[in-house]
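Colleague: Sequence:
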Amino acid sequence: HLGVSVFRAFLRSQFSEENLQFYQACEQYKHSSNKFSLQRRAKDICATYILPGSPREVNLDSKTRELTIQLLQAPSHTSLNYAQKRIYSLLDLDCYPRFLQSSIYQSLLSEAD
Numbered sequence: 001h002l003g004v005s006v007f008r009a010f011l012r013s014q015f016s017e018e019n020l021q022f023y024q025a026c027e028q029y030k031h032s033s034n035k036f037s038l039q040r041r042a043k044d045i046c047a048t049y050i051l052p053g054s055p056r057e058v059n060l061d062s063k064t065r066e067l068t069i070q071l072l073q074a075p076s077h078t079s080l081n082y083a084q085k086r087i088y089s090l091l092d093l094d095c096y097p098r099f100l101q102s103s104i105y106q107s108l109l110s111e112a113d
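Counting in the numbering used here, the sequence shown tops out at residue 113, every number present.
Don't read these hints as lab results, they were simulated from the structure. In this text, a Cβ means the ideal position worked out from N, Cα and C, and glycines have one as well. Don't take every hint at face value.
[Said to hold, decoys possible] Simulated restraints, written as ranges between beta carbons of each label pair:
#, residue 1, residue 2, range
1, S54, S110, 35 to 45 Å
2, A47, D113, 38 to 48 Å
3, S32, D61, 24 to 34 Å
4, N81, F36, 12 to 22 Å
5, F15, H77, 28 to 38 Å
6, K35, Q106, 39 to 49 Å
7, L67, F15, 19 to 29 Å
8, E111, A47, 33 to 43 Å
[As the list claims (entries may be wrong)] Pairs of lysine-lysine residues, derived as DSS-like cross-links and limited to a Cα-Cα distance of at most 25 Å, are as follows:
#, residue 1, residue 2
9, K30, K85
10, K30, K63
11, K63, K43
12, K43, K85
13, K63, K85
14, K43, K30
15, K35, K85
When you get a sec, could you build the whole thing from the sequences and use the hints?
Modeller: Next up, the structure:
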């Protein structure tokens, strides 16, 4: 997926790559095949993206962060839905419009012509 790769490169340049990584991790989480896999992924996602000070902490409001941490105590396939919607909204309303105006995207368009 060239488009996703270019968008990821743009996000990296904007110090926002963790948002796309989190969104993709949520999609994988939803498709966990069993309870063990769901619990392992929930723990990994929480430690990597959700907890304050985590290595790739995403920009969540405190209410969504607290709710998500609480929901992940007993993980289900929908535990990350609120947080994923918040990050999708951030990508959709902030990051993606800036990407469309970026030189990296403009050069991709000119290469396609």
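Colleague: Evaluate each hint against the coordinates.
Modeller: How the hints compare with the structure:
Between S54 and S110 the beta carbons are some 38 Å apart, a value that agrees with the proposed interval 35 to 45 Å. The beta-carbon spacing between A47 and D113, approximately 44 Å, falls within the hinted interval of 38 to 48 Å. In this structure the hint that S32 and D61 lie 24 to 34 Å apart at CB holds, the actual value being about 26 Å. Between N81 and F36 the CB atoms are about 21 Å apart, so this pair conforms to the stated range of 12 to 22 Å.
The given range of 28 to 38 Å is respected by F15 and H77, whose C-beta atoms sit roughly 30 Å from each other. Against the hinted window of 39 to 49 Å, the Cβ-Cβ separation of K35 and Q106 comes to about 47 Å, which satisfies the hint. Remark: the range hint 19 to 29 Å for L67 to F15 is upheld by a beta-carbon distance near 26 Å. Under the hint 33 to 43 Å, the C-beta atoms of E111 and A47, about 39 Å apart, fit the expected range.
About 13 Å separates the Cα atoms of K30 and K85, which keeps this hinted pair within 25 Å; it holds. Our distance criterion of 25 Å between C-alpha atoms is met by K30 and K63, whose separation comes to about 22 Å. The hinted pair formed by K63 and K43 meets the criterion: a straight-line CA distance of about 19 Å does not exceed 25 Å. At roughly 19 Å between alpha-carbon atoms, K43 and K85 fall within 25 Å of each other, so this suggested pair holds.
Only pairs whose Cα atoms come within 25 Å are accepted, and K63 paired with K85 is accepted, the gap being roughly 14 Å. The hinted pair formed by K43 and K30 meets the criterion: a straight-line CA distance of about 14 Å does not exceed 25 Å. Taking the CA atoms of K35 and K85, the gap is about 23 Å. The hint holds against a cut of 25 Å.
Hint compliance for this structure: no hint is broken.
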